[in-house]
Structure formats: C-alpha cells, structure tokens
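All chains should be built: construct the whole structure from the sequences, respecting the hints.
Residue numbers (the working numbering), protein chains in the order written: chain A, -3 to 449; chain B, 3 to 352.
Please note that the accuracy of each hint is not assured.
[Claimed, not checked] Chain A is faced by these chain B residues, among others (derived, beta-carbon under 7 angstroms):
1) Thr23
2) Thr27
3) Leu30
4) Gly168
5) Ile171
6) Pro177
7) Trp180
8) Leu183
9) Phe187
10) Ile293
11) Ile312
12) Val314
13) Thr324
14) Leu327
15) Thr328
16) Phe331
[Claimed, not checked] One-sided and incomplete, this derived list gives chain A residues near chain B with beta-carbon spacing under 7 angstroms:
17) Met282
18) Asp286
19) Val302
20) Gly383
21) Gly429
[Claimed, not checked] With a straight-line Cα cutoff of 30 angstroms, these simulated DSSO-like cross-link-like pairs (lysine-lysine) come out:
22) B:Lys7 to A:Lys273
23) B:Lys7 to A:Lys325
24) A:Lys273 to A:Lys215
25) A:Lys335 to B:Lys161
26) A:Lys273 to B:Lys11
27) A:Lys325 to B:Lys6
28) A:Lys6 to B:Lys161
29) B:Lys76 to B:Lys110
30) B:Lys6 to A:Lys273
31) B:Lys164 to A:Lys6
32) B:Lys11 to A:Lys325
33) A:Lys335 to B:Lys7
34) B:Lys40 to B:Lys62
Derived by calculation from the structure, the hints in this document are not laboratory data. All figures in this text were calculated on a predicted structure; none of them were measured in a lab. The C-beta atom is built at its ideal place from N, Cα and C for all residues, glycine as well.
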Amino acid sequence: MSFSPKEIWKEFTHSTIGMVGIGIIATLFCMSIAAFVVIPVETFKEWNDPSSWLTYPKSALPIWVNYFLLQKIPEHLILQPQEYYQKSAGVSVVTDVFATDYQYDSFPSDFIYQYSATYSGSPLVQLSITRPDGIRSILMSTSMPSSSNNETTFDGMLFSTDNSMEKNIQNNINFSFPTSVIPSQDLVFSHIDQNTVLKGDYIFKVTIYDVNGNVTLSKSKFILGGKAYGLMGTDELRRDLAVGILWGTPLALFIGITVSIGSVVLGLVYGVFAGFKGRSTDEAMMRFNDIIYAMPALPLLIILAVTIGNSIFLIVGFLVAFGWVGIAKVSRSMALQIKTLQYVEASKLMGQKDFKIIFKHVLPQLLPYTFASIAISVPAAITTEAGLSFLGLGDPTFPTWGQILHDASVYGAAEQGLWWWILPPGIMIAITGLAFVFIGHAMDTIINPRLRR
Amino acid sequence: MGFKKYLVKRAITMFGVLMATLLITISLVGSNMDAILKQSVALEIRQQVTNNKSLVSSFKNPEQLDLYVQNQIKQRIIALGLDQPWYTPQRIGLSMYKILTLDFGHAKFLTSDTGSSDVRDIILESLPRTILLFTTATAIVSLLGIFLGAIASSKVNSKIDKITSGFAIVSSSFPVWWVGLIMIFLFAFVYPIFPARATPTISATDPGYMVSLLYHMALPLITLVLIGFGSWAYLVRNFLVGVLQEDFIMAKRTVGIDEKKILYRHALRNAAPPIVTVLALSLSGSLGGAIITEAVFDWPGMGRLYYEAISVLDLPVIIGATYVLTAFFLVSVFLADVLYGYFDPRIRRQ
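Written as structure tokens, this is what we have:
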C-alpha cells in the first residue's frame, strides 16, 4: 500500500498515456501564461462589450481555411499607415499611405477609413486609390467640421458605402461594363473590362490639407472588410474567438483544479475522520454523506446559481459542495483498513491524540489515491461548469468555453454553419478533460496493480 | 443485518434526501415564492368579484369596491397563512405538504400544450417524453455496451479491446450537449436528414403525432447512444475481466465448456449485480443531464421545461420539476439497491 513519491514518479514516466496527459497539461499551462502576457485582462473584460469589437468583421472564418480553398476568401485587414508630413506656403499636408497586396478571389465586403484628428480651422480629407494597373482615382473628399479658433479633436470615418464615393469612381474610371448597381468596393478592386477581382498591390492614400497649418492625426487606420480573420475567426458579435479560447484555458484549469482539490481534500478529511472515529460518529456522518450523495446535483446547482449568484468563485464553491461525497465514501473504507494496522494501534496505545494519528499515519497512506482522484475529478468539474455556463448561468465577467458555446447556441451558430464557433470550445473542453483522465488513469494503474491485468 | 432491515434503512435515507432537497429548494426560492403566491391570491379574488355582477352593482362607487376587494385579499392571505414570513415552521411545513401531495400551484408564465397553467398538468405532459427518450437511449446503450464489453473482455489487449477502451475514454470526455450541437450542425443543416428542432410541429391529437415524435427523436437518440455506449462497454469489460479470472471460470475451462457459453452464461451472470446497479444509476443520472441535452435539441420533455422555467424564473414550475426529478432519481437509486440485493445474495444475508 505504501509508495515513495520517487517510485511513483519513476513508474509514471513509463506510462505513455500518463506522459501524454502531462504534456497536454503543460501545453495548456503555457497557453494560460501566453493569455496573461499577450492579451491584457482589460481586453478580456471587454468580451461582452460590443463597442470594443466594432472594427472586427462579423462571423469571419479563420484565415487558415484559405490553405484548403481554391477560391481564396478575402482576409479582414486592419492596415496601419505610413505617415508623411509636409508643409509649404502655410498649408500643411498630412499623408497617410496604406498599401496591401490583394490576392483574394472575391471582393472585400467593404472598406472603412477611421481617423481622429486634432486641428483648428476646417481641414479637407481626401481619399484616393492607386490600382495595380496604374489607374488612379480620387474616391472621396470631404471637409472636417470647422472649428473657429481653439483646437478640436474630431473622430471621423469614411465609408465605402458612401454615395459620393460610388459617383467618383464611376466618373473617374472608365469601366467597360454597366456600373450603376455595383457597390464601390466591387468597382475599386475590379478589372476594367469585366467585373472580376484584379489582383495586385493597391495603395490607398489619405491626404489632409489644412490652411492653418497644424493638423495632427492621433488615430488612423484603414479597415479592409473581409470574411476571414485571425486564427479562430470571429463570432456573430464580431468578437475574436482566439481571445475567448485562449482566455478560457486558465479559467478552465482554475475551475477544474480548484474544485477537484477542494472536494478531494474535504472528502478525504471527512471520510478519514468518520472511519477513524467509528461507531455513532461514523454512522451519523455516513448518513449525512448518503443524503448529499443521493441529491440530484445539476438541478440543485441550477437553483443555487439562479438564486444565490453566479460569480465564478460561488460556482466553484457549489461544485465542491456536491463533489466531495464519493471521495469521502472511499477514503472512509480505506481508513477503516488502515485503522486496524498494528502501528496505528500501537500509537493509539501510546496515547497519541486522534488528530495526530490521522495526520501522521493515516493521511500519508492515502496520498497516492488522493492525487489520482484529484486528477480524475477535474474533467467532471470542467464539464459541469461548462454545462451551467451553456445554460446561461455562468459568470458574465469571466467568459468560459461553456459561455462561448452558450452564445453560439443563442445566435444559432449551427443553423448558420458557423462551425468555427462551435468546434474549438468543445474540443478544448474535451482535450483538457482527457489530459487529466490520462494522468488519473496512469496513477490508478500504479496504485491498484490489479487493474493492470 | 437482514435484507429487509437494509431496505427499510435505505428507504428512510431516500425519504430524508427527498425532504432535504425540498427544504433546500424551498428555502432558496422562498422569498420570491411568497410574492408570487400573494399576487395570484389578489388576481383570484379580483376575478371572483368582477365575475359576480350582483355584488359589483351593490357598490355605489369604485372606491368602495376597491376597499372591499382589498379586505377580501387580506382575509384570504391571513386564511392561507401568507401573512407570516415564509420561513416560519408552519409555512414551510405547509408548502412541503403541498408539494408532497403533488399540489404545485399555478405556473407564472409557462403553459402546457393544451393551455393549462397548472404545474401538475405541465409536468405530466412532459415527463412521458423524457422517459421515452432516455429509457430508449439507455436500453440501446446498455445492450450495445454489454455485447461490445463481452467481446472486448474475451480478447483482452486485442485490437477490439483497445479500440473499445480508447473510444470509451474519448467519448466520455465530450459533453453530450456539445456533441448534440455538432450533430444538429451536421445532420440537420449540412446534410438535412433530420429536423433541427426536436419538437414535432403537428398537434398532439393528430393521428400521425407518434410517428412524427419518433422521427424527431432520432437525432437526440443517436447522440445519446453515440456518447453513451463506449463507457458502458468499458465498464462491462472491466467487470467481466475480473470475473473471468476467478477460479470457477478456470475450472469450467478445464472441463472443456465452450468459451462462448462460459462468457455469456456464467461470467455475465456473475457480473450482473454491479452492471444492473450501474444501469439503474445511469438511468437516473441521465435525467439530470437531460436538462442540457433537451435544451440543445429542443426536445419537449422535463429537461427543456426546466430550462424554460429557469430562463423566465417560473418558480412554481422550478420547484415542481425539481421535486419530480429528485423523486425519480431516488426511486431509481432505491431500485438499484433492491436489484443489487436481489442479484447478490451476500448483501441479503449479511
């Protein structure tokens, strides 16, 4: 029954699935650290705030699907400018140049120029394009709202859906096909002789003329709307799913590990104490255990979450409250066995206090079993939390994988065929669970050699 | 300890669990419940008064009528004991008694298909559907599992054994409801074979209703079987591997009894008690899981009822459904105990 930690580790390294489990968990931990480093908590806290995701595309595919497609889907690009500044005869000219190599097989869904300028007077903004075939055209020119004397800051956007842009294109470029009903992004990126995509380098140039001579651009980006974005794509609410999946990892690990350690420790102490005390204490404690054991966990968890609250810490507490019973049962029966061992009886005769015997002689014997049950009870905790979140009872400030799936189901991801919204969270839940099952399984075979046959 | 005494003890524990669950539920939703009860009393009285034309016409002005109604409401509230807070012993005792006698009151928002807002009617309507779906699934899963498990146990470490074990571990890691989402995506939209929503569109009185119900049941049923049979086979395999190593099997082998006969006649019979116990337990366990699964497939059973009740916070329905789910859960746990004692004489004669 007794093992030294070294022996167990040595045997563990020989188990392939155990090491696979360790490997997966190490990867998940690295992902968690990456999440903390790469994505600030503030960004993540804005997960449920639609206004922070405005520049992202709606329901965009992951970009890697382009490797498998013959017809390349346009990527959603957020272009950063190359800035030029020049001043002549009292007129200052700020020029931002955005260049992209457009190699996709369909037109972008739209394009938007977003800027924020500080100025006095009334500067003029002009957006123009240089196409791969050398044709240049002014797309739009408009003036910023005038400010009489003091400096103002103006946040503006130029949309491809603007009527004047369509007129400008139709007037400046001689297409050899009727252009009246075609939206401007489909014209800008089109061949001259037919309405198909012209691939190559496009240069968008934004020029700001200011007679007063002191205009500065604090924000300037060009968004070329596409249907593919990021490693994981985006959802119906324009959220970058990669952020959600990455941040779900530390949350799932936190929930799984805290709940399993909490319930195993609680169950262990409870069971060992009952088994060691025996008699009426044991009887009473085990009846209480029976009652909790036979309660239907999920309905009660749901009622608890609805009435008491759904903060992530409360949910962890609820899960522990239902998680410890099975372990208490097993550790009680193990304690009953250990109790009869001679050295335990000897220390009892020598007048050792009960608590000391429990902590010194009984609990260490149960340690290997403890680790195995911690590992084995992690997946249940993760899936139960995911289930609660899926029902819409999760903590909204910490969106977990279950909540991503909840949103997916609410917005009908299956109906719309948004597979990249449904598949990754579920696969992550399963992989995380599997890793712990593997480790628990490997530990189990070491502790119970009977299973090896 | 005799078997009878054992059963009595278990029954008492079960009843204790039922009471404890009820008590927890009532104390969690008590204060909200109070407000709802008072509202429904007021509504009832108002209706009674307005329906009684001669009574209404006997009042001279609306103020008098209003005063009369307020008085009536107050009287009724005192008569029902609603003037005391919900946590007084009498109130809790009364609500427990009501629930025990299946008097759940009226739902706040939800109604049954026939339009009744009586919680009992709503539950009686959806309960058979849940039982239909989950017992069918459990029956198929256990048959498949026992068969596959027996094959795997007779060829330990063979390819089929490893595939079964691997499939069991992998399939049980995926949440059933997530697999449900994927199945809906694949077989209702990419390949539109089955309907996406499992609620039949024709009315319950239509002669084709049963056929339509079964057709709508197909996708959830396939999902439940797909996710369930692997771990079942693994469980049966482990029980059987244990039994197959016992001496009496060895003895039978040396006598020369057919290997198949040993497996299905002798080994399976000896592995039966734990298998039957787990069967009864898994049936009740699946009822809890039914909440999410039914919500995903929109199967009009207890689980979806529960889900809908939570989303609109319809407390009478929540309490009623919790009670019924708990009772079912406990009955099957108790059944498992009885079956275990029946199949394993050692328990009886302990």
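Return the numbers of the hints above that this structure violates; sort them in rising order.
4, 12, 17, 24, 25
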